[in-house]
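Trainee: Go by the hints and put chain B onto chain A.
The residues making up each chain are set out below.
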Amino acid sequence: MTSSRIANCPSCGAQVEFKAGASIVSVCQFCSTAVARVGDDIGELEILGKVAPLAALGSPLYRGLRGKTKGRAFVLIGRLQLDYGAGAWNEWYAAFDDGDWGWVAEAQGQVYLTFSRPIPSSSPPFAEWRVGTRFTMANATLVAVERRSAKIVSAQGELPVRITPGTTVRYVDVEGPSGMFGTVDFGTGESVEAIYLGRRLEYEELFDKSDLRAADTKEAAAHVLDLKCPHCGAAVKLMEPDEAQRVTCAQCDALLDVQKGSPLFLVNAASKKGPQPHFPLGTKGKYKGQTWTVFAHLVRAVVVEGGRYAWDEYLVRGAPGWRWLLCQNGHWSWIEPASAADVTPRWGKAVEFRGKRFKHFQTSSPAVEHIRGELYWKVAVGERVRATDYVAPPLMLSEEVGAEETTWSVGTYLQVAEVQQIFSLPKPPTKPTGVSLNQPDPRGPRRSAVTKMAAISSAALVALGMWVSATSSGRVVYEDRRPLNDEVVLSDRFTLDERANLEVQVDADVDNSWMYLAGALIEESTDQVGAFGVEISYYRGVDGGESWSEGSTKDTVYLGEMPRGDYVLRFEPQWEKGVTPFPGRPPTQYHVVVRSDVFLPSHWFFALFVIWFYPLWLVFRRGTFEAKRWQESDHAS
Amino acid sequence: MRADWGTRIYMAVATVVLLGYAACETRGTVFASAEEKMPLPPDVRSTHGGYRTHTFWHVGYLGGK
Numbered sequence: 001m002t003s004s005r006i007a008n009c010p011s012c013g014a015q016v017e018f019k020a021g022a023s024i025v026s027v028c029q030f031c032s033t034a035v036a037r038v039g040d041d042i043g044e045l046e047i048l049g050k051v052a053p054l055a056a057l058g059s060p061l062y063r064g065l066r067g068k069t070k071g072r073a074f075v076l077i078g079r080l081q082l083d084y085g086a087g088a089w090n091e092w093y094a095a096f097d098d099g100d101w102g103w104v105a106e107a108q109g110q111v112y113l114t115f116s117r118p119i120p121s122s123s124p125p126f127a128e129w130r131v132g133t134r135f136t137m138a139n140a141t142l143v144a145v146e147r148r149s150a151k152i153v154s155a156q157g158e159l160p161v162r163i164t165p166g167t168t169v170r171y172v173d174v175e176g177p178s179g180m181f182g183t184v185d186f187g188t189g190e191s192v193e194a195i196y197l198g199r200r201l202e203y204e205e206l207f208d209k210s211d212l213r214a215a216d217t218k219e220a221a222a223h224v225l226d227l228k229c230p231h232c233g234a235a236v237k238l239m240e241p242d243e244a245q246r247v248t249c250a251q252c253d254a255l256l257d258v259q260k261g262s263p264l265f266l267v268n269a270a271s272k273k274g275p276q277p278h279f280p281l282g283t284k285g286k287y288k289g290q291t292w293t294v295f296a297h298l299v300r301a302v303v304v305e306g307g308r309y310a311w312d313e314y315l316v317r318g319a320p321g322w323r324w325l326l327c328q329n330g331h332w333s334w335i336e337p338a339s340a341a342d343v344t345p346r347w348g349k350a351v352e353f354r355g356k357r358f359k360h361f362q363t364s365s366p367a368v369e370h371i372r373g374e375l376y377w378k379v380a381v382g383e384r385v386r387a388t389d390y391v392a393p394p395l396m397l398s399e400e401v402g403a404e405e406t407t408w409s410v411g412t413y414l415q416v417a418e419v420q421q422i423f424s425l426p427k428p429p430t431k432p433t434g435v436s437l438n439q440p441d442p443r444g445p446r447r448s449a450v451t452k453m454a455a456i457s458s459a460a461l462v463a464l465g466m467w468v469s470a471t472s473s474g475r476v477v478y479e480d481r482r483p484l485n486d487e488v489v490l491s492d493r494f495t496l497d498e499r500a501n502l503e504v505q506v507d508a509d510v511d512n513s514w515m516y517l518a519g520a521l522i523e524e525s526t527d528q529v530g531a532f533g534v535e536i537s538y539y540r541g542v543d544g545g546e547s548w549s550e551g552s553t554k555d556t557v558y559l560g561e562m563p564r565g566d567y568v569l570r571f572e573p574q575w576e577k578g579v580t581p582f583p584g585r586p587p588t589q590y591h592v593v594v595r596s597d598v599f600l601p602s603h604w605f606f607a608l609f610v611i612w613f614y615p616l617w618l619v620f621r622r623g624t625f626e627a628k629r630w631q632e633s634d635h636a637s
Numbered sequence: 638m639r640a641d642w643g644t645r646i647y648m649a650v651a652t653v654v655l656l657g658y659a660a661c662e663t664r665g666t667v668f669a670s671a672e673e674k675m676p677l678p679p680d681v682r683s684t685h686g687g688y689r690t691h692t693f694w695h696v697g698y699l700g701g702k
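Sequences listed follow chains A and B, in order.
In this text, residue positions in the first sequence follow our numbering: the first is 1, and each later residue adds one.
In this text, residue positions in the second sequence follow our numbering: the first is 638, and each later residue adds one.
Do not take every clue at face value.
[What the hints assert, rightly or not] Where chain B lies over chain A, by a calculated footprint (3+ residues, C-beta under 8 Å):
hint, segment
1, 283-296
2, 460-467
[To be verified] Part of the chain B face toward chain A, derived, beta carbon under 7 Å:
hint, residue
3, Gly665
4, Ser670
5, Ala671
These are calculated hints, taken from the structure and not from any lab test.
Note that this is a predicted model, so its numbers are computed, not measured.
All C-beta atoms, glycine included, are put in the ideal place defined by N, C-alpha and C.
Looking at chain A on its own, in the form it has when it is part of the complex:
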C-alpha cells in the first residue's frame, strides 16, 4: 500500500483520502459525496454523486481491518453496498501491502475474495448469459449461478472503481470447483467491463477471529426493537434482524416484509393456518459440533398427475450459515449448499458430485404453500422454482433453477432418532412411511457384511471341497457285468477300513423298458442289512413328429456312514419281461460298480447354497426396496 494522499472534497471542502495507489474514488465522510480523481492527479477531483447512508448489515468487517491471504497482508479501506431487490450486501475494497487490490464480498455467513482478471476477447454480452452456462477460465470450468441487476446503494471510504451512486449494474456470478467464485461485471451496459475471480472462504481464513466484531449487529438490532405486526398489532421478534427479509407474525400468521430500521410492512394478511411444525420455531439443536436454531418452517408441494406431494422444510441457522432440514413422509434430510461447479453432467441424465455418481430422480416445479417464521430472502406463497433431484443414497443432490439464479444443495438422510437427538425432543418427531428418495437400504450394512462373509465362507468351502475330493479314495469294492436272469447275486466279502460312504452305479441296456435292482449291503459282524434299490428306465419315441425320451440307461445311489468292517452285497434283479413298445426291447444285462469313500458334489453344492441363501435373499430385498424408492420418481416402471 502506498502512503496516504489527501485532497479536499469539492463538495464540502473536508479532507478526502486516497490511501491506496489503486484507489480511484473516495467518499467524503462528512457530506457523503463520492469523488473520483482525474487521472493520477488527486488535485483534480470529480463529483460522482451523493451516496445513501449505509445499511447496517451486521457485518463483522470494518474499515481499517487487516487481513492476510497466502502470506500477503491487506487492509479494508472502503466498501460498496449493493441491493439486488431482495437484499443488500457489502463488497469490501481490500488494498494489499504490495499494491495489489481485491474485493471481499459477504454473503450468507461467508466471504468471497476476488481479484481482477483480464477480459477474454470472446466474452458474450449480458443478454446471452443464462444461469447454468458453463465456460472455461483460469484452467477451470465455471458455471453461471446468478444473473442479476443490483443497485449501488451506498459506499464508504475508498474504492478502486468508478461508481455512480443510485445506478443499477448488471452482473453474473460464477462458481468453480473447490470453492472457486467469480463475478462478471457488465456495469450499466451489455458488454463485460470487468471480471473478478477468486475463492469462497470462511471469515477466519482471512481475518484474525479476535479482530472481527459484531458492532453492526448490535446497531441493527437496536432498529428492530419494538416491531409490531401491521395486521394484528402483536409484537414481532426477529432472531437475526440483520439478515431477515421476511417474517410471519406468530399471532396471526401474516407475512411481513422486513426492512432494516423500518416498521414491518404487510405482504400478505393471514389467510389460513398452515400445518404445525414438528418442533417450535426457535428450537435449538446440536449437529456436526455446531448449535443450530430453527428459524422458519415452509411447506412446499408439487402436483404430479393429479396427486399432491407435499413436504416440510425447516430453515436453520448456525455459525457456518444457513442450512435446511427437509421432512417428507416422515423421512428427514439435512441440506447444505453445494457448488454448481462441483457438479458435472454425466451420461444418462446422471451427474457426478465429489467423485460420486448421482442418478436423476425427478424434475418438478414445487410451489411454496405455507410460510412460518423468519427468512433471509423475500419468499412468497406460490413462489415456484424448477427443481431437479438426483440421488446416491444416503445423499441427494438438488438443483433449483429460478429466472435469475440456480442453486445446488446436497442432502444427507437422517434417521428419525437422529433428528430427535439433535433437537432433544421427548419423542420421535415423525413416523416414516414408504421409502424416501435418498433413504439408504436399512439392510445395506448387513448385506455388505454378510456378502463378505459368504465370499470368505465360499473360499473356505472351495478349499474344503478340494481337500475332500483329493482325499476321497473312490476305491472300487465290487464290479460285475451279468446277464439278466432270476439268479440272486452275492458279492465277495470286502472290507471298509474306515467309516465311509458307498456309491452304487448300475447301468443296463434298457430301451423302452425298465429294470430294478434290489440291493442289500450286509455287515457281517452285526448282521445289519442296508437295503436299497436302483431303478433304471429309459423310454423314447416320436410324438407328432417330435422325438422325445425320458429316463436313463444308468442310475447311481449312495449309502452313507458305513462303519468300518467286512461287507457283502446281495443283488436281486427285476426287469420288464413283456413286450416293449417299438423300437425298444427288454434289458438283457446289467453292470454294477460299487465304490467306497467317494466325493459327493451334491453335498458341496448344497453347502454352497445354504451359505448364499441369506445373502441372495438380502439382495432380493434390496431389489424390492429400490423398486419402492423409484416408484415415486420420473423413472417409475
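Mentor: Chain B alone, transformed into the frame defined by chain A:
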C-alpha cells in the same frame, strides 16, 4: 463397527455349515441315502441265494450263523 444380530446369526450359520460339511465328509454321511437299515431276517440267513458270501456257499464255509 459391531455386527448386528442378523449378521452374527449368519456368521454362526456359515460356521456351522462349514464345520458340518467337513464332519459329514469325514463320516461319509449321505443326506439322501438310498439305504434302509434293518436287521437281517432269520429266515434269510440260511436260504440259498440269501446273504451268505460267495465263499460260504462255494468254498464250503460252514461256521458262523
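Trainee: Hint by hint, say whether it matches the structure.
Mentor: Hints, verified against the model:
no., hint, result
1, 283-296, "violated (count 0)"
2, 460-467, "holds (count 3)"
3, Gly665, "holds (4 Å)"
4, Ser670, "holds (4 Å)"
5, Ala671, "holds (4 Å)"
Comparing the model with each numbered hint stated earlier shows that hint 1 is the single one that does not hold.
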